[in-house]
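Student: Spelled out from the first residue to the last, the chains are:
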Amino acid sequence: DAGVTQSPTHLIKTRGQHVTLRCSPISGHKSVSWYQQVLGQGPQFIFQYYEKEERGRGNFPDRFSARQFPNYSSELNVNALLLGDSALYLCASISGVTDTQYFGPGTRLTVL
Amino acid sequence: GENVEQHPSTLSVQEGDSAVIKCTYSDSASNYFPWYKQELGKRPQLIIDIRSNVGEKKDQRIAVTLNKTAKHFSLHITETQPEDSAVYFCAASMSMGYGNKLVFGAGTILRVKS
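Protein chains in written order, with the numbering used here: chain A, 1 to 112; chain B, 1 to 114.
Zero decoy hints are in this set.
Derived lysine-lysine pairs resembling DSBU-like cross-links, with alpha carbons at most 35 Å apart:
no., chain 1, residue 1, chain 2, residue 2
1, B, K22, B, K58
2, A, K52, B, K71
3, A, K30, B, K22
4, B, K68, A, K52
5, B, K57, A, K30
6, B, K68, B, K58
7, B, K68, A, K30
8, B, K58, A, K30
Keep in mind that the hints were calculated from the coordinates and are not lab data.
Given these sequences and hints, build the entire structure.
Tutor: If you want it as structure tokens, here you go:
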């Protein structure tokens with residue numbers, strides 16, 4: 001899990017703006033998942049990608065989108081930000097051998 | 001539906017005592033159950049996991065038990081230390097067809113008093 005990187009660490013936006021969050025998985029891992037963690041709650045699944053293809057999507061509005069690049073890094077995009085989008089956004093790098101998910105340090109998004 | 005319930009929401013123990021956190025899940029097809037520890041401001045860190053083909057797994061002071069019939073699994077921490085204080089999350093894997101997502105419990109705040 002030490003190899004999962006996310007940027008930026010912190011982000012402050014205003015309502016209506018859009019944001020792009022980035023993730024690089026552990027070397028050798030081809031799949032990533034994105035989770036939203038609101039303060040005081042467990043992470044909630046947003047997306048999973050494998051080899052640039054979307055494998056699954058959680059119960060989030062179409063304002064949320066993501067993609068994966070040929071080097072297996074990934075971006076999460078959120079449009080038309082709402083106050084309720086304030087959360088820690090976690091990227092998980094998924095082992096192709098064990099399916100174990102290792103989390104990155106997260107991006108703390110604050111929407112004002 | 002997809003649901004993981006976790007209890008208790010907070011747990012205070014004296015240093016050296018044991019701590020037990022319990023989870024139940026709804027999807028009988030779930031076959032992988034990880035536990036994560038999250039310290040304040042940090043990422044969730046995998047501490048132990050169990051797959052459906054075994055009933056118990058131990059790693060030093062930490063153990064996890066699984067009862068597939070009851071759809072119930074538990075985390076046991078023995079000889080607790082102040083550094084065990086954190087939020088603990090259980091999760092269950094749920095199939096999306098071509099991949100598995102994790103569904104998390106709401107978390108347990110563990111406080112170890114010295």
